[in-house]
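Given next are the chains, with one letter for each unit.
2 protein chains.
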Amino acid sequence: MSITVVGSIAYDTVKTPFGERERMLGGAAVHFALAASFFDEVHVVGPVGEDFGEPQLEVMRSRGIDVSDIERVAGGKTFFWQGEYGWDLNSRETLDTQLGVFEGFQPKLSPSSLASDVLFLANIQPDLQRDVRAQLPQARFVALDSMDLWINIARDSLVAAIEGVDCVILNDAELRQLTGKPNLVAAAREILSWGQGGSDGGGRGPSVIVAKQGEYGAALVTRDGFFALPAYPLESVIDPTGAGDTFAGGLIGYIAAHPEEELSDELLRRAMAHATVLASFNVEEFGTERVERLTGNEIVSRIKELQAMTQFSGAPLSLRG
Amino acid sequence: MSITVVGSIAYDTVKTPFGERERMLGGAAVHFALAASFFDEVHVVGPVGEDFGEPQLEVMRSRGIDVSDIERVAGGKTFFWQGEYGWDLNSRETLDTQLGVFEGFQPKLSPSSLASDVLFLANIQPDLQRDVRAQLPQARFVALDSMDLWINIARDSLVAAIEGVDCVILNDAELRQLTGKPNLVAAAREILSWGQGGSDGGGRGPSVIVAKQGEYGAALVTRDGFFALPAYPLESVIDPTGAGDTFAGGLIGYIAAHPEEELSDELLRRAMAHATVLASFNVEEFGTERVERLTGNEIVSRIKELQAMTQFSGAPLSLRG
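Protein chains in written order, with the numbering used here: chain A, 53 to 373; chain B, 53 to 373.
Think of the hints as simulated: they come from the structure by calculation, not from any bench.
Please note: incorrect hints may appear among the correct ones.
One copy or two, either will do: identical chains are not told apart, so a pair holds if it fits within one copy or between any two.
Said to hold, decoys possible - Within a straight-line C-alpha distance of at most 20 Å, the following computed EDC-like cross-link-like pairs (lysine to aspartate or glutamate) qualify:
1. Lys-356 x Glu-318
2. Lys-356 x Asp-276
3. Lys-129 x Asp-103
Work out the full structure: start from the sequences and follow the hints.
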């Protein structure tokens, strides 16, 4: 089967303490698709301007990604973002955002994008997320990302969008902001109670909450349990741009690649591990540079390392008291 | 054998979004000792004033802690701290600090405290940490904690103190500040290179770096590897005061309880798990309330849960590329 992703395709100008790049290939849909392409066929839906280059399309095509639903808008300019990161990469300042063709974007999905059984709604206006989600009513697994902007200005629509998906992937600060609950577990439990029999997407409501925690890793909350993984430790992180979408690509890609398997916590944990590893490669170099030349063997090798780094034995001990 | 801890014994007045308490039993040495008392005998070294109560001593005695090196200073006042936490408990403001008898404190160790094979130097002036460490030259395992204040005003002495211990336990922000390295792994590696043949404590230098990461858990860096554990997930956290020292008590206590075992990464990982679990109980209620009535069975049960929450299987997968 295949995965459809709807989201931004961008040029990013990024400065970190370790260097800078101008007008790199970027955008949520691109980072997601490159990561997910290791697991399944990916259809990318999003707009670009006349300034978008053939070499950038070729980066995606060379990973087997279907770019036929990337809409080139005549006379338009590709979404542009410019940002600079602080010394520990945990803070970043947006210096410029030019929506270009992303303003007024109306997703158009071809029959092949509509036929996917897995859908990822990257961070776009929640009304658009709901519109696309409604076009794939039979999708087996649907996930969405969002951001503080939509929580601030379009919360009701975002909540309705969340009620129509299976999986919510947000930064942990966004989960707190969205629910007003300061505690991560309580925030996730709140969202798990949404959409039971609601109006959107069949009314099953989300069953998987993923909290992205940046350099600290990520946590998974389901009705059955809790799981957390640290980020893969790197001595040198160069550029975190796109890490969250690369993480989502690894997670959703892994789930898409296991259509016969029940969506158990055990499957989701393996998906979290692959997400963590994909994100770790993304941040090692600027933009898509590292993931472009990543191999399946490198992923498998780092999964084994991550597993070794998170194990401990439960040797029995007689405690005093 | 036994553990000696040198550090503060305090009264804490704490306000969190979930309530407040006045003049609770607190202090680094107290939180450490209560946690470590589940694993081994603990000797507490520190000063109190004439205002320090018998019931507070009894809290420690009832956990089998040796309080005979708690020095009651005639006419003195016990160290007092007052603070208030923000809504998500990740920020706190110190409203009042009264050093009292802690000002001018000169640790005096009795023969039984000097005979311990494990030593924890809680957060005190680094010159004092070095002085105490030098009094236990044969100790099998010595760890220290510190804080941003000492990094700012006594960095050279702190570095010398670190060169004389086996294990450094700091918040990750403090590790970055101490080394000037923004990356946790790089910061830890830097500290692991200190004190090889240096002047203090036999010149073996630290071999174990533990980064406390608050609600995100903790990471362990040794020359052999990396390990990280999430915090035990709680839907309700009431008061984080003392969590770091309780964590240290679980960690050092577990190591102290295994004198015959080589200090391997495998042992340290089990110690990290016990530290994580002890800290999780500490934050469930104010001050020492929860740990005072904690049982060994509760610890064992939560260790098993934590182990289950951090496991994933490494099912092989054929990747595309």
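Practice item. Could you check the structure against the hints above and give me the numbers of any it violates, in ascending order? Key: none
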